[in-house]
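**Q** In case you want the letters, here they are:
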Amino acid sequence: MSSPTTTAPRPTGPSEPTGDVLLRARGVSLSFGSVRALKDVDLDLRAGEITAIVGDNGAGKSTFVKCVAGVHRPDDGTIELGGDAVSFRDPQEAREAGIETVHQSLALVEDLAVWQNLYLNRELTKGVGPFRVLDRRGMRAGARDMVSGLSVNVPSTTSRVRRLSGGQRQAVAICRAAGFSSRLVIMDEPTAALGVQETERVEALIRRLRDDGRAVLLVSHNFEQVMRLSDQVWVMRSGRCAAGRRTEDTTGEEIVALITGAKSA
Amino acid sequence: MVSATTSTSRDGARRSGPDGADRDGAATPARPRWRERLADPGTWAELAAPVGLVVLVVLFQVLDPTFLTLGNIEAMLAAAAILVVLATGQTFTVATGGIDLAVASTMTFSAVMFGVAFGAGAPVGVCVVVSVVTGLLFGLAQGLVIGYGRITDFIVTIGGLSIASGLALVVSGGQPQSIISTFMLRLSTGGVGVVGYPVLVALVVAAAAHVLLFHTRFGTHVLAAGGSPEAATATGISTRRVKTAVYTLSGTCAGLAGVLLVARIGAAEPAANTQFLLNAVASVVLGGVALMGGRANIAGPLFGALLLTALTNGLTLLGVSQFYQPVAVGSVVVLAAFLSRYQR
Ligand SMILES: Nc1ncnc2c1ncn2[C@@H]1O[C@H](COP(=O)(O)OP(=O)(O)O)[C@@H](O)[C@H]1O
Ligand SMILES: [Mg+2]
Chain A
1 MSSPTTTAPR
11 PTGPSEPTGD
21 VLLRARGVSL
31 SFGSVRALKD
41 VDLDLRAGEI
51 TAIVGDNGAG
61 KSTFVKCVAG
71 VHRPDDGTIE
81 LGGDAVSFRD
91 PQEAREAGIE
101 TVHQSLALVE
111 DLAVWQNLYL
121 NRELTKGVGP
131 FRVLDRRGMR
141 AGARDMVSGL
151 SVNVPSTTSR
161 VRRLSGGQRQ
171 AVAICRAAGF
181 SSRLVIMDEP
191 TAALGVQETE
201 RVEALIRRLR
211 DDGRAVLLVS
221 HNFEQVMRLS
231 DQVWVMRSGR
241 CAAGRRTEDT
251 TGEEIVALIT
261 GAKSA
Chain B
1001 MVSATTSTSR
1011 DGARRSGPDG
1021 ADRDGAATPA
1031 RPRWRERLAD
1041 PGTWAELAAP
1051 VGLVVLVVLF
1061 QVLDPTFLTL
1071 GNIEAMLAAA
1081 AILVVLATGQ
1091 TFTVATGGID
1101 LAVASTMTFS
1111 AVMFGVAFGA
1121 GAPVGVCVVV
1131 SVVTGLLFGL
1141 AQGLVIGYGR
1151 ITDFIVTIGG
1161 LSIASGLALV
1171 VSGGQPQSII
1181 STFMLRLSTG
1191 GVGVVGYPVL
1201 VALVVAAAAH
1211 VLLFHTRFGT
1221 HVLAAGGSPE
1231 AATATGISTR
1241 RVKTAVYTLS
1251 GTCAGLAGVL
1261 LVARIGAAEP
1271 AANTQFLLNA
1281 VASVVLGGVA
1291 LMGGRANIAG
1301 PLFGALLLTA
1311 LTNGLTLLGV
1321 SQFYQPVAVG
1331 SVVVLAAFLS
1341 RYQR
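If you read the protein sequences in the order shown, they are chains A and B.
Here the first sequence is numbered in our numbering, starting from 1 and rising by one per residue.
Here the second sequence is numbered in our numbering, starting from 1001 and rising by one per residue.
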């Protein structure tokens, strides 16, 4: 398999992807002062697939993800979502375009209930004009649906997040990202802080998102997890997108070689 | 009285608190709720004010049977009204993890502006508006500096305390303006039964604040911005706007309290009113509102204000020297803060 580095490698052979390209990044570059964190990154990801980004610490994975999520604005390059060029000024704009991010910090409010976190800044209201009040009943019912729809293991949607375990919190954060007709769910190291069992649950959740037809962008340090979960892997090395592979056409050893630069794309 | 339970809606067989969260969501439903709630020290922090109030009332009534006479209850409620209004506004700033140290000075400044308008021959209705708008604008200014200038709440409002007190002196020339108006007289003396108009005003403010905090998007955003500014920002909530809004709210309450103050003393005075600041913060702490932000309720501070008023009143009835009252208030507040340590 040979691919030029300037354009996205075209996967060929039996594992030809079926989903439509949802997000297309071309020539995305970003510098922090003298640090060139991203250099001409080209990368595609498809609906109904889990796309993984792997790479060493400092390779630029999080920076790229933040460009897609509207946290950073690239200095150069284009990002297309569903065929339209987008340029988000803030995360809210990305959210409105259907891109949800599960932050490493999870961004949950501990003293609010699960349902309040699920609906944070998207609260349902009823009534008219200045007399709009929260539709608490509607939100609690909606929260129960969201949670049971993804078979998330959360004791009750009325418990405070403070009472949940790490895995349950992760599940709530993913559930929030999955709700509200998001098209792309970005997860940066979603299982880094979890135990074995909790990791399994979260992985099952990620698979359900894919089966639901959404695009999932997963940043992970765990190669086994990447091989288990993903359909497509992109390897980043010192700010560049060094290679892309269909997961079933590659091996853990090859990915490691690509990450370290022992093998070039 | 605004009860925390009046507005909780039933959710199947499950009940949740006014802030939407169970204290024990993971618990098995078979066990009685109240037993688990009593086992949670957080409940005690939130119940500190009402429980403390009952204890004080019983204690004072035993020591002095005139404590619970109609006249004294009326006097206590009237005295508590201003404090309830101030504490209600303060609750919102504390809920965001901030504090409005300028509440009492804003109230004084608003009262003085009432006097200036009155002295200039404005109708009482206009004077009331002047007072409330003065508080609103002062709070807005503080909120903008805190939210957009990104300066710590504590520093800005301690500056605001000084500025508002100074402005009150400047505008009044240091002189009180006596207010002779039948409307203001009726406001301070009239009422429905034992419940005077100032008390009704305070109850309406508290009820509106309860709805605002627990039944509007704004209220949720206040709790989110206080509980986790990062999470609030990540979901697109503007913490700057929330900050600006809560200080505007606190200032507006102070402006309204200024009107009640003028009615109560029959004059607009540039007095310091320091005890109102201490008691407003104390009521909020007694009410189980977390000083770090993120957890708040309105009924608690209301009971806190009643407790502090009953404490002062009872000590006065018992002939305890005025000098001991700040000592008693301070001790009660530290005790409440101690209880709130277990809240989390
Ligand atoms: N906000 C920032 N300011 C300055 N430099 C940054 C910032 N964010 C990331 N970098 C730098 O950009 C490079 C890529 O970082 P990052 O995207 O976090 O890597 P990864 O997530 O792959 O470990 C690193 O050299 C890092 O130090
Ligand atoms: Mg990273």
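I should point out that these hints are in silico values taken from the structure, not numbers from a laboratory.
A couple of the hints might just be wrong.
[What the hints assert, rightly or not] To be clear about the criterion: a stretch of chain A counts as covered by chain B if any three or more of its residues have a C-beta under 8 Å from a C-beta of chain B, and this derived list gives those stretches: (1) 50-56; (2) 103-111; (3) 146-152; (4) 249-259.
[To be verified] With a cut-off of at most 25 Å between alpha-carbon atoms, the simulated SDA-like pairs for lysine to any residue come out as follows: (5) A:Lys126 / B:Met1076; (6) A:Lys126 / B:Leu1212; (7) A:Lys126 / B:Val1062; (8) A:Lys39 / A:Ser264.
The beta-carbon is built from N, C-alpha and C at its ideal position, and this holds for glycine as well.
**Q** Each of the hints needs a verdict: does it hold here or not?
**A** Going down the list of hints, with the structure as the test:
Using a Cβ-Cβ cut-off of 8 Å, 0 residues of the region 50-56 of chain A lie near chain B, which falls short of the minimum of three, so the contact claim is violated. Only residues whose C-beta sits within less than 8 Å of a C-beta in chain B count toward coverage, and the region 103-111 of chain A has 8 of them, enough to reach three; the restraint holds. By the rule of at least three residues with a Cβ nearer than 8 Å to a Cβ of chain B, the coverage given for the region 146-152 of chain A is violated, with 0 such residues. Check result for the region 249-259 of chain A against chain B: violated, 0 residues qualifying (beta carbon to beta carbon below 8 Å, three or more required).
Taken as a hint, the Lys126 of chain A and Met1076 of chain B pair is broken in the structure, with Cα atoms around 39 Å apart against an allowance of 25 Å. Restraint check: the Cα-Cα separation between Lys126 of chain A and Leu1212 of chain B comes to about 14 Å, which is no more than 25 Å; the hinted pair holds. Restraint check for Lys126 of chain A and Val1062 of chain B: not satisfied, since their Cα atoms lie roughly 50 Å apart, outside the 25 Å limit. Proposed proximity of Lys39 of chain A and Ser264 of chain A is supported: the alpha carbons are some 17 Å apart, at most 25 Å.
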